[in-house]
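Count along the sequence shown from 1, add 673, and you get the number used in my numbering.
Calculated from the structure, these hints are not laboratory results. Because the structure is a prediction, the values reported are computed rather than measured. Be aware that one or more of the hints could be misleading.
To be verified - Here are the computed distance ranges between Cβ atoms for each label pair: (1) G734 with F691: 37 to 45 Å; (2) L815 with N771: 18 to 26 Å; (3) F697 with V803: 51 to 59 Å; (4) F702 with S814: 25 to 33 Å; (5) F691 with V744: 24 to 32 Å; (6) A692 with F714: 45 to 53 Å; (7) K729 with F761: 41 to 49 Å; (8) I773 with T727: 46 to 54 Å.
As the list claims (entries may be wrong) - With a straight-line cut-off of 25 Å between C-alpha atoms, the simulated DMTMM-like cross-links for lysine to aspartate or glutamate are: (9) K729 with D739; (10) K797 with E777; (11) K770 with D739; (12) K728 with D739.
All C-beta atoms, glycine included, are put in the ideal place defined by N, C-alpha and C.
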Amino acid sequence: RKWELTFTTLVTFGGAFFASFPLFYSTSFGGAYWLWMLILFSFVIQAISYEYRTKKGNVYGTRFYDALLFVNGVLGPLLLGVAVGSMFFGNEFCVTKNKILDVEAATISTWGPLHGLEAIACWKNLVFGVMVLFLARTLASLYFIN
Numbered sequence: 674r675k676w677e678l679t680f681t682t683l684v685t686f687g688g689a690f691f692a693s694f695p696l697f698y699s700t701s702f703g704g705a706y707w708l709w710m711l712i713l714f715s716f717v718i719q720a721i722s723y724e725y726r727t728k729k730g731n732v733y734g735t736r737f738y739d740a741l742l743f744v745n746g747v748l749g750p751l752l753l754g755v756a757v758g759s760m761f762f763g764n765e766f767c768v769t770k771n772k773i774l775d776v777e778a779a780t781i782s783t784w785g786p787l788h789g790l791e792a793i794a795c796w797k798n799l800v801f802g803v804m805v806l807f808l809a810r811t812l813a814s815l816y817f818i819n
C-alpha cells in the first residue's frame, strides 16, 4: 500500500507540473536528473523495506530493513526539499529561447556538468531540504501525539 501511494504522489506531481509548465518541467527535471533519481531510489528503498521486512526467510533481518526505512525517512524529505528549493532559488541551467522553434535542435537547455547534484551543494537548497525534513518530523509527531 505504501508503495502505491508514494509513487502515485510523485507521478501525479510530475504530471500536473508538466501540464502546467511544460518548458520549465523539461528543463528543471532534465537538469536535476540525478537528484530526481536519488529521490526515486529512496522511494524504492522504502517500498522494498516495507515489503520484505516481515517476510519469512528474511536473510538480512528486521533491523536492516528498519535502518533502510530510517535512511528513507531522512533522505526522502531532505532530497524533495532540495528539489523544491531548487525551483525557488534557481538551478544551474540555461534555456536558449532561439532553439524553441528549431525542429532540428536536440535540446533547448544546457545544464551544469553534474545534472542536478550541484543543487544538493547549494546551501539555500539544503536549508530548504532540512526545513522540509523537520516539518515532516513535526507532522509525524503531531499525528502520533493525537
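Each hint tested on the structure:
no.: 1; hint: G734 with F691: 37 to 45 Å; in the structure: holds, 41 Å
no.: 2; hint: L815 with N771: 18 to 26 Å; in the structure: violated, 51 Å
no.: 3; hint: F697 with V803: 51 to 59 Å; in the structure: violated, 25 Å
no.: 4; hint: F702 with S814: 25 to 33 Å; in the structure: holds, 32 Å
no.: 5; hint: F691 with V744: 24 to 32 Å; in the structure: holds, 29 Å
no.: 6; hint: A692 with F714: 45 to 53 Å; in the structure: violated, 26 Å
no.: 7; hint: K729 with F761: 41 to 49 Å; in the structure: holds, 46 Å
no.: 8; hint: I773 with T727: 46 to 54 Å; in the structure: holds, 52 Å
no.: 9; hint: K729 with D739; in the structure: holds, 16 Å
no.: 10; hint: K797 with E777; in the structure: violated, 37 Å
no.: 11; hint: K770 with D739; in the structure: violated, 48 Å
no.: 12; hint: K728 with D739; in the structure: holds, 13 Å
Hints 2, 3, 6, 10, 11, counting from the list given before, are not met by this structure.
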